[in-house]
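Chemist: Just so you know, the sequences run in chain order L, C and V.
When we follow numbering that gives the first Met the number 0, the leftmost residue of the first sequence carries the number 0, and every step to the right adds one.
When we follow numbering that gives the first Met the number 0, the leftmost residue of the second sequence carries the number 0, and every step to the right adds one.
When we follow numbering that gives the first Met the number 0, the leftmost residue of the third sequence carries the number 0, and every step to the right adds one.
Source of the hints: derived by calculation from the structure; they are not laboratory data.
Hints are supplied without guarantee of correctness; some may be wrong.
As the list claims (entries may be wrong) - Residues of chain C clear of chain L, computed beta-carbon distances all greater than 10 Å:
(1) PRO55
(2) LYS97
(3) ALA123
Claimed, not checked - Below, simulated DSS-like cross-link-like pairs (lysine-lysine); rule was C-alpha separation at most 30 Å, straight line:
(4) L:LYS80 - L:LYS431
(5) V:LYS45 - V:LYS10
(6) L:LYS80 - L:LYS302
(7) L:LYS376 - L:LYS410
(8) V:LYS45 - C:LYS97
(9) V:LYS286 - C:LYS97
(10) L:LYS54 - C:LYS121
(11) L:LYS302 - C:LYS121
(12) C:LYS121 - L:LYS431
(13) L:LYS376 - L:LYS257
(14) L:LYS413 - C:LYS121
(15) L:LYS2 - V:LYS69
(16) V:LYS158 - C:LYS97
(17) C:LYS121 - L:LYS410
(18) L:LYS90 - V:LYS232
(19) V:LYS204 - V:LYS232
(20) C:LYS97 - V:LYS87
Cβ atoms here follow ideal geometry from the backbone N, Cα and C, with glycine treated the same way.
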Amino acid sequence: MPKTRVGVFVCHCGNNIGGVVRVPDVVEYARTLPNVTYAEDNLYTCSEEGLSSIKDQIAKQGLNRVVVASCTPRTHEPLFKRACEEAGLNKYLFEFVNIREHCSWVHMHDPAMATEKAKELVRMGVAKACHLEPQQEFESDVFPAALVIGGGVAGMSAALGLANQGIQVHLVEKEQELGGLIRGVQTLFPTEQDTDELLRPLAERVKAHAHISVSLGSEVENVSGFIGDFDVSVRADGEVEGLRVGTIIVATGAEELKPVDLYRYGELPNVVTQLEFEEKFKSGGEIPRSVAIINCVGARIPKRTYCGRFCCATAIKNAIWIKERDPQARVYVLHRDVMAYGVEIEEFYRRAMELGVRFLRYDVESPPEVLGEDRAKAVKVQHQLMGKEVILPVDMVVLTTPLVARDDNGKLSKMLKVPLGSDGFFLEAHLKLRPIEFSTDGVYVCGAARYPSNIPESVSQAYAAAAKASIPIREGLVRVEAITAFCDERTCSACGNCVEACPFGAIELQQGRFGRTAHVNTAQCKGCGCCVAACPSGAMQQRGFSDMQVLSMIGALAEEMTGGVG
Amino acid sequence: MVSGSDSPGNGFEPKILVFACNWCSYAGADLAGVSRLQMPPNCRVIRVMCSARVRPEFVITALSKGLDGVLVLGCHPGDCHYSEGNYFTRRRGLLLRKLLEFVGIEPERFQVRWVSASEGAKFAETVEQVTEQIRALGPNRPRSEVLGTEPGDR
Amino acid sequence: MQDKLQEVVRKLLAEGAVDYFIGYCQSSQPYRAVPCFVSDESEVGKLVWGPLCGQNLSKYVLRANELDGKVGILLKGCDTRAVVELIKQHQIERDKIVAIGVPCQGQVDHRKLGKILGVSLEQVTSVQDVGDEFLVTVGEETKKVRKEEVLLDKCFRCKHPSAFGYDVTLGDVVPFTVDADAGEYAAVEELEALPIEERRAFWRKQFERCIRCNACREACYACYCKECLFERKTPRWLAAPPLLSENEMYHLIRAVHLAGRCVDCGECERVCPMNIPLGSLYRKIQKDVAELFDYEAGMEMDTVPPLVNFELDDQDPFM
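Using the sequences and the hints, build the whole thing.
Modeler: Dropping the structure here:
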């Protein structure tokens, strides 16, 4: 048996780790650990330099295990694994130790303890690494079709992005028409064009495309399977159709918040939301002579801390719309800040002011009050700059509310096994480094389903999602990560616990060389480990998370708890 | 040196093992890091794919080997990436907690909590709370009675 | 009853219905019977039945897996629970067994008997069931002992037989009832009522005495694993020496493995040479499994073991 030769690479991550953890001490400590042949520190282990060093040392030192102590495996593990592979080392002989998110970043005021903790985490990582074994990945075919859930701007753009590559797309839309949220919008900012000018050609291209099959009035009812092979049930008109796809894009959008209990919405007939304003007045109603638009309604408050992002632009758009049709109209925009980011929106804002729209700033602590008995007659507001209360007589109050997550996100998220964030929108794999995709392979998200976004943003994200969703389909196969379960049939007693425990039905009792024993179908195994924990005998194990490996980490951690015995 | 002494309130700092599942709680822990939420340095995380991988024997072993506490973190029931894993974690947790208490191990030393990927703050709070609870209890066992060998000697 | 038993077994062997029969026979220690395996009609006379047959013979049916034919076995009502579990856990097929049921009126716990009599059990020459009492012959004397004073703990909880259907019965196999004050989980509740430090001290004292002879594991029907977790080298879960930390791990891990499987046969406590009150530990497991998951091992044929099962509304104190 070749001797275990572990290489440890401890990252400074610039100042992120090095500024708190004494990285050289950790390196020195690593050198004292059993089986560690080599240890070094890097400024950025993930840099070209760092990766080269890993590859060089694997060759030079004859390393057969590599441990990197840096950030989180959830971002850079594939990168380091690839480096090992390029150096001829099986990538499953690599172990990642998190000394940044779990250490330097959270113990900033205690560098001494952070350093001790980093050393222990490295000790645990090295202990596990010593018990890692080379693995081969299982390859699985990708069915060459994609599902796009949602036929709004994002969904349609994503569908076209895929279809234009020759990929078959199933577009499933809940409503009876394509268009999503912007169907309720009459004109778009900052161009002020009719929505129809954008929507109609887009929908037409989608409907006409040879590679897109559109299902209107349809809902996804069930999803099973995994990347490359999803089985989807779609319900339409009481009938259920089965689809087989390789990847899925979530483009289900969001909803305008209806601000019940705020500013007497629902009580007074002339207090409306922006979408309601669009619907009632922009297609031919009497233009109000005097309007107060209140921004940040139900947004940037303790209950809902986020900013709706483009609703300011919407408010400005509608303020301009009123002024253009009636220059004499009095239009007030009561805001807490004006979010005028993006292309040409700042100019749009200026134009509104030039047209005579009055922008008034109010404090979150003293929100405006809508006055009137059976109709809104005025709005009372503490004008922040003037430092006094003003009363604005109005014919209408328009409430600018943010988009909120759809109620059925929960159901869809469970079906697809993707998480929701704290505000109910879909949560991507990583805040910064992995937008558009989820931790769950093969599922992607774009548009307002992930966060309130305007049309250019939604379309860009849709293009990104289509690009990502096409990759597995183009490659034709996916490699299943070799963290699957397997049974040592020699020592299995066929008690059947694992069969019951497996959430995916991937295990069966079969007659084999050693009698009746449990057998795992690797293609179906998702690597959860339920079966391993249920096996009283220890015959069932999980590659990369075996009992031996986990116990070695527990043992390494508890090492200094020992005393005089033994 | 983490464990300063053998009795509570005497500079004793507990050492706590944490199991965190890849999809929810480990991500939540990462988010706590990204958000720079500061917390006591007593916890050591072992990543597993699902909290259901955590067999009760791990918890028992950790406590028998002298670690002062074990915290198992998983996805909220209903949100498990593998659909059902955390339901098993829940059952095992219920049973094990009672068994440990029956043989005289304080229930605070073994806890199960649900932390989602977006709950960085909850992760930090949990670490803070559990560390404080176990610190107040004192060391799990005197060093003198913990064996100095490890399973599967190299 | 004993004669009837021997007659039935003789017939089974003669007809070739079973390859051999598992029952009880007298041992060199008259205060208890021991398991015996009879493969020839000539040996049938050894078989006994009485109040000294407390041992659970169920585990022996597994030997039938090595035979082409069947084995016969004498099963008290409580013993059938273990067989039900063995069938559910895929260890034996029902049709490999010819089960004889026998009405049982309680079995003697030899430790309790020794205590009551105050003499060495070696002097006991016979124990007879006479209804509410046992007639115990000690040397030349014959004493009457009230059943409640010497019964195995599990006899107070008799609610058997289970769903198991016998092939032959030697009479009505019905639950045995005895008036007893003790509640369903009395021993457990007594310990639960202690302050936690006292409980810790209690169990430490008990586990310290363990010599890791593994008798409890060998006697337990559920410990049939081809390779026990504790025998493995990679990983090695326990160090060999019977130190407190290792013993604790052994007993707690075995208790968890028995959750949803323990059928309250009491063998573990009966065979422990150090008199560790394993019964209390395993009753605790049974109590929690019953209260938390509404499950009792060995009572029904088609239920799923509780720790590989779940309900959406399981208790959840873990928010």
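Chemist: Work down the list of hints and note, for each, if the structure agrees.
Modeler: Structure-based check of all given hints:
1. A Cβ of chain L approaches the Cβ of PRO55 (chain C) within 10 Å, the least distance being about 8 Å, so the stated non-interface status is violated.
2. Here LYS97 (chain C) stays apart from chain L, with its beta-carbon at least about 18 Å from theirs, past the 10 Å limit.
3. The Cβ of ALA123 (chain C) does not lie farther than 10 Å from every Cβ of chain L; its closest approach is about 7 Å, which violates its non-interface assignment.
4. This hinted pair checks out: LYS80 (chain L) and LYS431 (chain L) have alpha carbons roughly 21 Å apart, not beyond 30 Å.
5. Between the alpha carbons of LYS45 (chain V) and LYS10 (chain V) the distance comes to roughly 15 Å, so the proposed pair stays at or under 30 Å and holds.
6. Restraint check for LYS80 (chain L) and LYS302 (chain L): the C-alpha separation of about 42 Å exceeds 30 Å, so the hint is violated.
7. A distance of roughly 42 Å separates the Cα atoms of LYS376 (chain L) and LYS410 (chain L); the hinted pair therefore is violated under the 30 Å criterion.
8. Proposed proximity of LYS45 (chain V) and LYS97 (chain C) is contradicted: the alpha carbons are some 46 Å apart, above 30 Å.
9. Of the supplied pair hints, the one linking LYS286 (chain V) and LYS97 (chain C) holds, its CA atoms being roughly 10 Å apart against a limit of 30 Å.
10. This hinted pair does not check out: LYS54 (chain L) and LYS121 (chain C) have alpha carbons roughly 39 Å apart, beyond 30 Å.
11. A hinted pair counts as satisfied when its Cα atoms are at most 30 Å apart, and LYS302 (chain L) with LYS121 (chain C) qualifies at roughly 17 Å.
12. Straight-line distance between C-alpha atoms of LYS121 (chain C) and LYS431 (chain L) comes to about 21 Å, which keeps the hinted pair within the 30 Å bound.
13. A threshold of 30 Å between alpha carbons decides the hint, and for LYS376 (chain L) with LYS257 (chain L) the separation of about 21 Å falls inside it, so the pair holds.
14. For the hint pairing LYS413 (chain L) with LYS121 (chain C), the CA-to-CA distance comes to about 21 Å; that is within 30 Å, so the pair holds.
15. For a cut-off of 30 Å, the pair hint linking LYS2 (chain L) to LYS69 (chain V) is broken: about 52 Å separates their Cα positions.
16. Taking the CA atoms of LYS158 (chain V) and LYS97 (chain C), the gap is near 26 Å; set against the 30 Å cutoff, the hint holds.
17. Only pairs whose Cα atoms come within 30 Å are accepted, and LYS121 (chain C) paired with LYS410 (chain L) is accepted, the gap being roughly 24 Å.
18. For the given pair, LYS90 (chain L) sits about 26 Å from LYS232 (chain V) by alpha-carbon distance, which is consistent with the 30 Å threshold.
19. As the CA atoms of LYS204 (chain V) and LYS232 (chain V) are separated by approximately 29 Å, the hinted pair is consistent with the 30 Å bound.
20. With a C-alpha separation of about 27 Å, the suggested pairing of LYS97 (chain C) with LYS87 (chain V) holds against the 30 Å cut-off.
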